[in-house]
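> Taken in sequence, the protein lines are chains F and W.
Mind the numbering: the first sequence is residues 1 to 446 in my numbering, read in order.
Mind the numbering: the second sequence is residues 1 to 617 in my numbering, read in order.
These are calculated hints, taken from the structure and not from any lab test.
Simulated DEER-style distance windows between Cβ atoms:
no. : chain 1 : residue 1 : chain 2 : residue 2 : range
1   : W       : Lys132    : F       : Val47     : 53 to 59 Å
2   : F       : Val95     : W       : Asp148    : 42 to 48 Å
3   : F       : Leu407    : W       : Asp477    : 52 to 58 Å
Reference listing, derived: stretches of chain W covered by chain F, where coverage requires no fewer than 3 residues with Cβ under 8 Å from a Cβ of chain F:
no. : stretch
4   : 16 to 25
5   : 33 to 42
6   : 209 to 219
A partial selection of chain F residues facing chain W, derived with a Cβ cut-off under 8 Å:
no. : residue
7   : Ala178
8   : Ile312
9   : Gly317
10  : Ile319
11  : Thr328
12  : Gly352
13  : Arg375
14  : Tyr383
15  : Leu394
16  : Phe397
17  : Leu405
For each residue, glycine too, the CB sits at the ideal point set by N, CA and C.
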Amino acid sequence: MIFTPGASLKKNRMDWVLFIAAMALLAIGTIAILSSVAALPGQTRIVRVQFTAIPLALIAMAAVWSVNYQVYQDQWKFVYGALLVFLAGVLFIGVVDKGARSWYRLPFFSIQPSEFSRVGLILVLANFLDKRMGKIKELRTVLGAFALCVPVFLLLIKQPDFSAILITFPVALIMLFAAGASVFHLSIIVGYAVISALFPVLWTIINLNPELLDNSLVSYFFHLSDSWAGAAVFVAAAAFGFWLLWRLSVQLYANLSGVYFAGAALVLILGFFSGVMVKNQMKDYQQKRLEVFLSPESDPRGAGYNLLQARIAIGSGGILGRGIFSGTQSRLGFVPERHTDFILAVVGEEMGFWGMLLVTGLYALMMRRIMLGARLARDRFGYLVNCGVLGMFLVYFCINFGMLLGLAPVAGVPLPLVSYGGSNLVATMMALGIAESVYARRYALV
Amino acid sequence: MRDSQTSQERLDLLWVLASSAALIFIVRLISLQVIGGSYYRELAEKNRTQVISQTAPRGRIYAADGEAIATSKPSFSLIYFPGQTKPGPELDRMARSLAGPLRADFEDLRRTITRAATRETPVRLAENLPSKVMLSLSELKAVYPGIDIIVEARRYYPFGAYLSHLVGYIGKMDSRDWARLSGDKTYSMDSRLGKAGLEKMYEKELKGKDGGIYLEVDSRGKLNRVLESRKWSPGADIYLTIDSKAQAAAEEGLKKSVSGKGAVVALDPRTGAVLAFASMPDYDPNMFVMSGSEKEGLAAGEVLPEFNVALQGTYPPGSIFKVITSAAILESGRVDPSERVFCPGWYDAGSRIFKCWEKKGHGNVDFIEGLAKSCDVYYYTMGQRAGALAIEKYERAFGLGRPSGISLPDERSGNVFGPSQRADKKSYWFIGDTLNLAIGQGETLVTPMQAADMIAAVANGGVLHRPYYVDRIVRGDGQVMKRSKPEITGEVRLKDSTWALIREGLHSVVDEGTGRAAQIKGAEVYGKTGTAQNPHGKDHAWFVSYATVNGEPSRVAVAVLVEHGEHGASAAAPIAKAVIEAVLRSDLPGKQARPAQGEPPAPSTAAPAGARAQEAT
Numbered sequence: 001m002i003f004t005p006g007a008s009l010k011k012n013r014m015d016w017v018l019f020i021a022a023m024a025l026l027a028i029g030t031i032a033i034l035s036s037v038a039a040l041p042g043q044t045r046i047v048r049v050q051f052t053a054i055p056l057a058l059i060a061m062a063a064v065w066s067v068n069y070q071v072y073q074d075q076w077k078f079v080y081g082a083l084l085v086f087l088a089g090v091l092f093i094g095v096v097d098k099g100a101r102s103w104y105r106l107p108f109f110s111i112q113p114s115e116f117s118r119v120g121l122i123l124v125l126a127n128f129l130d131k132r133m134g135k136i137k138e139l140r141t142v143l144g145a146f147a148l149c150v151p152v153f154l155l156l157i158k159q160p161d162f163s164a165i166l167i168t169f170p171v172a173l174i175m176l177f178a179a180g181a182s183v184f185h186l187s188i189i190v191g192y193a194v195i196s197a198l199f200p201v202l203w204t205i206i207n208l209n210p211e212l213l214d215n216s217l218v219s220y221f222f223h224l225s226d227s228w229a230g231a232a233v234f235v236a237a238a239a240f241g242f243w244l245l246w247r248l249s250v251q252l253y254a255n256l257s258g259v260y261f262a263g264a265a266l267v268l269i270l271g272f273f274s275g276v277m278v279k280n281q282m283k284d285y286q287q288k289r290l291e292v293f294l295s296p297e298s299d300p301r302g303a304g305y306n307l308l309q310a311r312i313a314i315g316s317g318g319i320l321g322r323g324i325f326s327g328t329q330s331r332l333g334f335v336p337e338r339h340t341d342f343i344l345a346v347v348g349e350e351m352g353f354w355g356m357l358l359v360t361g362l363y364a365l366m367m368r369r370i371m372l373g374a375r376l377a378r379d380r381f382g383y384l385v386n387c388g389v390l391g392m393f394l395v396y397f398c399i400n401f402g403m404l405l406g407l408a409p410v411a412g413v414p415l416p417l418v419s420y421g422g423s424n425l426v427a428t429m430m431a432l433g434i435a436e437s438v439y440a441r442r443y444a445l446v
Numbered sequence: 001m002r003d004s005q006t007s008q009e010r011l012d013l014l015w016v017l018a019s020s021a022a023l024i025f026i027v028r029l030i031s032l033q034v035i036g037g038s039y040y041r042e043l044a045e046k047n048r049t050q051v052i053s054q055t056a057p058r059g060r061i062y063a064a065d066g067e068a069i070a071t072s073k074p075s076f077s078l079i080y081f082p083g084q085t086k087p088g089p090e091l092d093r094m095a096r097s098l099a100g101p102l103r104a105d106f107e108d109l110r111r112t113i114t115r116a117a118t119r120e121t122p123v124r125l126a127e128n129l130p131s132k133v134m135l136s137l138s139e140l141k142a143v144y145p146g147i148d149i150i151v152e153a154r155r156y157y158p159f160g161a162y163l164s165h166l167v168g169y170i171g172k173m174d175s176r177d178w179a180r181l182s183g184d185k186t187y188s189m190d191s192r193l194g195k196a197g198l199e200k201m202y203e204k205e206l207k208g209k210d211g212g213i214y215l216e217v218d219s220r221g222k223l224n225r226v227l228e229s230r231k232w233s234p235g236a237d238i239y240l241t242i243d244s245k246a247q248a249a250a251e252e253g254l255k256k257s258v259s260g261k262g263a264v265v266a267l268d269p270r271t272g273a274v275l276a277f278a279s280m281p282d283y284d285p286n287m288f289v290m291s292g293s294e295k296e297g298l299a300a301g302e303v304l305p306e307f308n309v310a311l312q313g314t315y316p317p318g319s320i321f322k323v324i325t326s327a328a329i330l331e332s333g334r335v336d337p338s339e340r341v342f343c344p345g346w347y348d349a350g351s352r353i354f355k356c357w358e359k360k361g362h363g364n365v366d367f368i369e370g371l372a373k374s375c376d377v378y379y380y381t382m383g384q385r386a387g388a389l390a391i392e393k394y395e396r397a398f399g400l401g402r403p404s405g406i407s408l409p410d411e412r413s414g415n416v417f418g419p420s421q422r423a424d425k426k427s428y429w430f431i432g433d434t435l436n437l438a439i440g441q442g443e444t445l446v447t448p449m450q451a452a453d454m455i456a457a458v459a460n461g462g463v464l465h466r467p468y469y470v471d472r473i474v475r476g477d478g479q480v481m482k483r484s485k486p487e488i489t490g491e492v493r494l495k496d497s498t499w500a501l502i503r504e505g506l507h508s509v510v511d512e513g514t515g516r517a518a519q520i521k522g523a524e525v526y527g528k529t530g531t532a533q534n535p536h537g538k539d540h541a542w543f544v545s546y547a548t549v550n551g552e553p554s555r556v557a558v559a560v561l562v563e564h565g566e567h568g569a570s571a572a573a574p575i576a577k578a579v580i581e582a583v584l585r586s587d588l589p590g591k592q593a594r595p596a597q598g599e600p601p602a603p604s605t606a607a608p609a610g611a612r613a614q615e616a617t
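Construct the complete structure from the given sequences, taking the supplied hints into account.
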């Protein structure tokens with residue numbers, strides 16, 4: 001398709017499809033925000049911020065688009081340094097809102113540095129992975145990439161802003177995957193993450209169904225984290241089990257290296273310990289969210305209430321929706337966080353199935369266009385940057401939709417371009433600007 | 001990066017991930033919005049609306065002469081609308097402060113309120129509030145949101161235990177009603193509905209349409225606006241065929257009888273309209289209105305006397321059966337009514353001696369005397385001559401063995417006794433059975449309703465009507481919804497001479513025979529006494545009769561059964577007389593109907609249950 005004979009030789013400097021899709025989502029989001037804030041106390045401030053953020057975001061996008069993206073690779077140390085300083089600074093001069101010190105208060109508006117740090121980190125990681133292209137299959141590459149992430153994560157934990165980590169970690173994984181990192185290494189990391197999460201989930205399930213404790217094995221498993229002795233037994237059992245499996249595979253003449261078994265055992269054991277850590281670190285409200293996700297009926301008046309109301313809102317929209325500015329669920333305040341994380345509930349209620357289909361389709365189109373940009377990128381750095389932006393949208397998309405539709409636990413994650421949030425909007429449009437910049441400077445005639 | 005094969009493949013994989021996620025979300029959206037749309041829409045509507053429902057006044061029930069038997073009275077109820085307050089100490093505090101003025105148990109109240117708050121459904125905390133309590137409650141109303149006092153129409157039976165077995169009563173919904181009606185939007189958990197009798201049978205007509213105020217509230221339960229205010233429309237009024245004076249006479253007569261138990265059914269022989277329908281023991285339907293559940297309305301250990309003697313009590317007919325035997329004898333062609341039978345006080349059936357109730361014997365009796373004196377020996381002799389099969393034929397023709405068809409629940413059909421019934425059971429028929437059959441002993445069982453139907457057929461020349469008690473149903477706007485028409489369920493075809501002889505016999509029963517207690521000045525009264533043998537105690541007393549005035553077609557036929565009354569002549573006949581007098585009061589010379597009997601009983605207020613218990617002993 002690139003060498004289509006007779007194609008126009010004039011290169012299009014802007015991916016209009018991507019831009020228009022983003023603008024359409026922004027328009028839908030703005031309408032939904034205007035509708036949902038009707039009865040909120042701070043409605044004038046929210047409307048003002050939204051309409052200030054839109055031009056700012058457009059200017060930021062245009063500025064980023066016009067700059068050659070390769071400059072970020074040249075100046076990666078500056079980018080990295082700036083984002084660390086930006087993130088660290090908020091811990092000293094930031095203001096606290098909703099229990100997290102994550103805002104810079106400026107005269108007219110506030111800035112949330114964690115939103116911008118994600119974009120910066122994508123650039124830094126893209127540079128790192130590009131530089132290590134030759135040694136991409138080595139474990140050290142994967143570890144190096146995470147070493148770059150760790151300072152950022154630590155600063156985010158300090159705020160604390162867990163949802164930012166929840167987004168950024170998978171983005172890093174996607175970038176590693178796109179760069180061609182060893183699938184074995186990646187699956188160890190994913191496995192470790194899954195096991196770390198699995199232990200608290202299993203314990204929560206047992207907690208919700210106490211009758212399972214009648215089984216002594218289940219009971220033993222449930223009390224694993226209570227004592228060091230129990231943990232030691234578990235570690236020994238895991239090591240022994242994998243050793244046995246390894247011996248068995250040798251006996252069966254299966255050509256499997258012992259490294260795999262050792263790795264698997266290590267992942268299980270490390271996952272167990274971080275699972276215990278997660279369980280002990282988990283705040284009450286997070287524990288509740290997990291319980292509600294696993295068993296929505298366990299607390300219909302409490303933590304399950306929000307999710308249930310959001311679901312009623314979406315469902316009540318039906319096919320055609322109840323009409324813009326006519327959703328009772330959102331306007332009468334039954335849906336919580338309706339202008340931010342649960343904005344889709346408003347879209348679903350007022351614009352119905354067609355509205356939701358439009359949002360889903362526009363998101364898919366955006367991701368498709370960013371992917372096209374990655375394909376056509378002039379260099380490997382550009383490819384990786386676009387993959388990072390793609391990953392970011394993909395993760396937001398999956399977590400926000402999944403949470404709302406009851407397919408994932410509730411996490412405070414907005415839907416970029418649709419949800420309210422000035423910093424998030426500007427940062428998202430900057431990321432789109434970078435993707436546009438990569439597209440504009442591509443290797444192609446079309 | 002066109003040159004890297006791996007990159008292309010991995011990018012494609014990422015796209016697969018993204019598009020499959022989008023696909024899953026779309027599928028989920030279809031199930032939520034397209035398929036579940038109406039379900040969630042309903043939930044959303046329920047979320048935002050709160051209804052203050054107002055029960056429509058139930059239709060009134062009137063006697064034929066315009067006396068109101070069941071009406072409605074305004075009453076004040078305390079209701080609680082759950083708002084955003086979740087179950088917890090605040091609700092407990094509310095329950096505690098309400099428990100005092102309501103004189104309710106704190107724990108019960110707390111449980112009710114908590115359940116309402118959890119289910120988010122409004123609940124009535126108390127009904128029929130006295131005015132003293134209202135004042136302190138209206139103060140609490142200001143303190144606790146969600147508490148409100150509303151005016152409703154409450155069922156009221158002015159005469160208390162009057163016609164109770166026909167009218168029935170209303171009560172709170174129980175779990176069985178709820179299972180049946182939960183889909184019906186016009187009922188809610190705390191609705192009242194007819195539980196027995198007329199109130200149950202005509203629930204749909206009597207109910208009316210509840211009104212309500214529909215409010216839009218936000219998530220904190222704050223009132224946003226009034227969506228709609230719907231006025232209730234009252235239920236349809238039911239006009240009965242019951243004559244309130246006759247009914248009062250029947251109830252009073254039964255109450256004053258030796259046992260206080262029994263039944264009176266009076267019919268209009270021309271149509272089958274029920275003029276009086278009394279069954280003792282009865283109950284005061286007001287007690288269920290006041291308290292709610294049936295258990296609460298009764299004193300400890302007391303059982304609701306729901307047994308309807310007139311429809312569900314089956315008794316041997318005794319001598320009143322001789323009316324049927326007479327028809328069989330006279331129609332058989334084997335008996336000359338003037339033929340005399342000698343009654344020595346006993347009858348030799350070959351293997352066994354059958355006694356006449358009169359030990360001394362009646363001497364030589366012909367048909368008229370046999371019926372008037374109720375001579376058993378005459379009927380033994382002639383019954384045997386006519387044959388058991390003939391008697392059974394007329395037994396069935398007069399409607400025995402099948403329900404009369406009155407629209408009241410659980411009517412019993414009694415039992416037909418006869419050779420063909422025996423044959424159906426693959427058993428034998430003996431000569432003794434014929435003799436027992438002829439005098440109404442043996443296995444024959446009738447209900448007072450059937451007895452009334454039988455004597456009405458004698459009065460009108462053989463027509464059996466389906467008894468009915470609803471004359472017409474009139475909607476709130478005055479339009480007549482339904483008017484009952486007489487319905488014929490069977491006919492007894494007898495020769496005119498047979499009717500004449502039977503009537504002559506029945507007249508002489510009252511004139512000079514066993515039923516002299518039923519004589520009425522100015523009216524021709526026909527009747528037959530009966531004694532139903534009771535192996536468990538004193539015999540039951542029967543009296544069936546009808547009356548004519550000036551030779552016009554009879555307007556009233558009565559069957560009276562007094563349990564343990566022993567003699568129909570003394571226990572049952574005076575009651576029948578009082579009822580007939582009440583029905584015919586306008587046609588009788590002078591002031592026949594005594595004032596005490598003519599007036600319905602005063603509304604009973606003080607412990608009707610206790611009073612009844614005393615009478616029963």
